[in-house]
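K.L.:
These protein sequences, in sequence, are chains V and H.
Letter 40 of the first sequence, counting from 1, is numbered 40 in the working numbering, and no numbers are missing.
Letter 191 of the second sequence, counting from 1, is numbered 191 in the working numbering, and no numbers are missing.
In short, the hints are calculated from the structure, not lab data.
Okay, the calculated bits of chain V under chain H, using three or more residues with CB under 8 Å as the criterion:
#, stretch
1, 44 to 55
2, 60 to 68
Below are the SDA-like pairs computed for lysine to any residue, each with C-alpha atoms no more than 20 Å apart in a straight line:
#, chain 1, residue 1, chain 2, residue 2
3, H, K152, H, C134
4, H, K87, V, G46
5, H, K91, H, K143
6, H, K35, H, V115
7, H, K35, H, V22
8, H, K87, H, L253
9, H, K91, H, L253
10, H, K87, V, M47
11, H, K87, V, I51
12, H, K87, V, S50
13, H, K91, H, V139
Among chain H residues calculated to face chain V with C-beta under 10 Å, some are:
#, residue
14, A84
15, R187
16, L188
17, Y245
18, L250
We put the CB at the ideal spot given by N, CA and C, even for glycine.
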Amino acid sequence: MEGNIADLGSLNMIGYGLAAIGPGIGIGLIFAAYISGVARQPEARGMLQSIAILGFALAEALAIIGIGLAFAL
Amino acid sequence: MSSSVLAVEGEGFVSPGPGTFVYPPAFGEGSLVTKPMLIVILGSLAVAVFFFLAARRAAMVPGKTQFVGESLYGFVRNSIALEAIGKPGLKYVPYLATVFFFLATLNISGILPLVQFPATSKIAIPLFLAVISCVIFNVIGIKREGLGGYFKHMMFPSGIPWPVYILLAPIEFVSTIIIRPLTLTLRLTFNMFAGHLVLVLFILGGEYLVFEYGGVVGIAAGTVALLGSLVLTAFEGFVQLLQAYVFTLLSALYIGGALQDEH
Numbered sequence: 001m002e003g004n005i006a007d008l009g010s011l012n013m014i015g016y017g018l019a020a021i022g023p024g025i026g027i028g029l030i031f032a033a034y035i036s037g038v039a040r041q042p043e044a045r046g047m048l049q050s051i052a053i054l055g056f057a058l059a060e061a062l063a064i065i066g067i068g069l070a071f072a073l
Numbered sequence: 001m002s003s004s005v006l007a008v009e010g011e012g013f014v015s016p017g018p019g020t021f022v023y024p025p026a027f028g029e030g031s032l033v034t035k036p037m038l039i040v041i042l043g044s045l046a047v048a049v050f051f052f053l054a055a056r057r058a059a060m061v062p063g064k065t066q067f068v069g070e071s072l073y074g075f076v077r078n079s080i081a082l083e084a085i086g087k088p089g090l091k092y093v094p095y096l097a098t099v100f101f102f103l104a105t106l107n108i109s110g111i112l113p114l115v116q117f118p119a120t121s122k123i124a125i126p127l128f129l130a131v132i133s134c135v136i137f138n139v140i141g142i143k144r145e146g147l148g149g150y151f152k153h154m155m156f157p158s159g160i161p162w163p164v165y166i167l168l169a170p171i172e173f174v175s176t177i178i179i180r181p182l183t184l185t186l187r188l189t190f191n192m193f194a195g196h197l198v199l200v201l202f203i204l205g206g207e208y209l210v211f212e213y214g215g216v217v218g219i220a221a222g223t224v225a226l227l228g229s230l231v232l233t234a235f236e237g238f239v240q241l242l243q244a245y246v247f248t249l250l251s252a253l254y255i256g257g258a259l260q261d262e263h
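Generate coordinates for the entire structure from the input sequences, incorporating the hints supplied.
P.N.:
Dropping the structure here:
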């Protein structure tokens, strides 16, 4: 029984799905800005890349905390 | 509850859950060693032996092993330490490189054939490293500015009207001391956790569809799922390296923040 997602209640999973919308939009915006930045100024790619990955990691942390709580609560 | 409902309906497939991450002792009852522990030990040994061999006979004209070792170390040095901290960051490259290669190895163990379990999905390992990172950047800050000065810089940044401090000071304190190591830990743990769960789901589900559900539909859907698991394995490998990079980069940024004058 312990290894069954269904036991945890599907409401948690629906909640997680809703919680993932925000970070999803955020990550999309980050990479959109990164792509248009590189398109305008290709030589800034290296600098923009680490900033974009940093922003991606910070936005993604929200989704990841969401899935952690979906299992924990 | 719902699993018993499913069982009554005659569906035999039990989807993998957090129980997938609980391993029995590896050498029978009573031994304390489990599979994740073995992965940690062997992974650390592999990293140590590789870098020992790479650095053992350091020559002016590097051999193959030395070249690979130096390129990997140079990656951490140039695109993490120098990028995120700058010149003073060179002092912290050994720590950052250790963290990066330790995490990268333990993450990649999630897609390594026959091993296939990311040891970092056990919260103890990321938590331990995050606490070390947290202690390091706090100690650097306290050493540089003194205990009072460090907390003053952290909680009361200059150039802000004083009523804001009532809100800002506790937020800054909690975010630096608690939220930073916590998010470092959770990000890595649950990335590996979720990734492993998805892989297990695709492979077990595909296997169930092909061999037990059967029929044209089952075999077609199961084949798609099994092929999808190959693609996902490649994607997981990318995510695992990326997460090791992100953990190291964030540690470096926190260290850099403690080294800077204006917080």
